[in-house]
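> Chain by chain, the residues run as shown.
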Amino acid sequence: MEPKKLNWQEFFIPRLIKASGYSAILFVALIFFFLLREGLPALGEVKLGDLFSERWYPIESHFGVLPLITGSLIITVGAMLVALPFGIGTAIFMAEVAPRWMREILKPLVELLGGLPSVVLGFLGILVLSPFLRVFLDLPTGLTALAGALLLGGIAVPTIVSIAEDALDAVPYSYREAAWAMGATRWQTIWRVTLPAARSGVLTAVMLGIGRTIGETMAVMMVTGNAPVLALALTSIFHPVRTMTATIAAEMGEVASGSVHYHVLFFIGLVLFIISLIVNVAASSVVFKSKKRAERVLS
Amino acid sequence: MKRASFSNRDLIQRLGFSLLTLVALVTVLPILAVVMYIITEGAPAMSWEFLTAMPRDGMRAGGILPAIVGTFYLTLGTAIFSVPLGIAAAIYLSEYARENWLTRIIRIAIINLAGIPSVVYGLFGMGLFVIFLKFGTSILAASLTLSIMTLPVIISASEEALRAVPQAFRTVSISLGGTRWQTIRRIVLPQALPGILTGVILGLERAAGETAPILFTGAAFFLPRLPGSPLDATMALPYHLFVISTQVPEMPFQIQYGTALVLIAFVLGMNIIATVIRSRARAKRQW
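First to last, the sequence lines map onto chains A and B.
Take the first sequence: its position 4, counted from the start at 1, is 4 in this note's numbering, and no numbers get skipped.
Here this note's numbering = 1-based position in the second sequence + 1000.
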């Protein structure tokens, strides 16, 4: 009887496994389909000129998404100004400078930050960071784009550090040895040999960091003050703003399913989905390309 | 002159390394500070009542039991859907798939799933599970939403663990007359299990701490009883922390910090378990 049972297993299980393998494609397609289904009607219900206007006030049917887009932009740029130097600096320190024992301590700590729920960081943002900013910078409120950018910088750091460190680690040791043998200092080797050799991986780290920042919801919603005003000037960083993600999270609970407001919120979700699609396809194509180059060099 | 330029280079290196050290410290120390701060501020709130009682007085007193139980159920529900599917997908990618364009599309899809904003998962879950499939705002709908979000983490970690098993193990099993599935089930999977388990726990840890995907799919603002079925909505720790820190006026700080402490204990506890499994497996491994 044993062989028969085996045949049954050998027939079904690989097919089941194969189907599971393809499920990722199915889910991306499903997500895209539902965003289109619920979001596209917005284009018919709101005039394109009104949709890309500067007034977001859904109660009076003003659905201008520009303030939300500029809000997301200013916070993402601010967060990157924080996360890039600190994230990449920490990655270089861990991969190239720190002794082994220190690395063993730093790595779990950075992973710890990656594991902290964003709602906890938002909570501390309300109780600790924004009161500090209000007093320190003498602002009317601490719940500003700046608070959001600082928190998001922290949230993007673990992504950037772990990917950039992997990329630096992957640079063959012989590259460094060659540079040292030519008389370069370790510092010069880092900037002129290791970092350029790892640049595609570091670029991936940066892009995925940006993706993570644009998509962050809870922490941003809690600390940015949620005022949908156009953020175009540099001083906007000291004012409350509101991002695309926070708008969806704050308003979706209260709209009637099928209303114009509901469709517009799904439309914003569609825009976010497409942004993350572009960022991730770009990031992964950088990886694929550099892999191909490595294969060419090695063969 | 030459000597001078040499010491100049050394000076630059020393300054540069100091700067990098400083950058790393400024990055890492706040992490420790955050965790220590929540522990010290939240510890006074810890009591048997806080952990095992229902909330009272509009959540301003009593305990947070329904939120703890809710997060436990949501994590369990996420595991039920995402673990078998994720491991099976990883087996496909590591053991069956050929490197062709279709496999590449699967990989791109996985990378994209990992990058989709959590609030967009919330929208999708609401569109598909809550409204289209009529599950309502429920543990079932929220768990399914979280499962899809967790899937890429589990797939990538499991695939890495499976690929780390030396090819020779498979060759020996096949040469002894084992079939492909027997080889995977009896040889490859047991060897990769600690790595898979680590990935699974890290994925579920993320799911346990997420708020945005459950906002419109299963989270209840205030529900002073334990959920009775998978079709009930539920309170959850992350959403509860959001509610009491932004939506409820005159909320005692102690309860807020206490809730934050329970949440990070839940999440970091899973993190520590994963780390222990990983390091023990590494110590035992013979290849």
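Worth flagging that the hints you see were computed from the coordinates, not collected in a lab.
Incorrect hints may appear among the rest.
As the list claims (entries may be wrong) - Facing chain A, according to a computed beta carbon distance under 10 Å, are these residues of chain B, among others:
| id | residue |
| --- | --- |
| 1 | Pro-1084 |
| 2 | Ile-1110 |
| 3 | Thr-1171 |
By construction, the Cβ of each residue, glycine as well, lies at the ideal position given by its N, Cα and C atoms.
> Hints first: check each against the structure and report whether it holds.
Hints, verified against the model:
no.	hint	result
1	Pro-1084	holds, 8 Å
2	Ile-1110	holds, 5 Å
3	Thr-1171	violated, 19 Å
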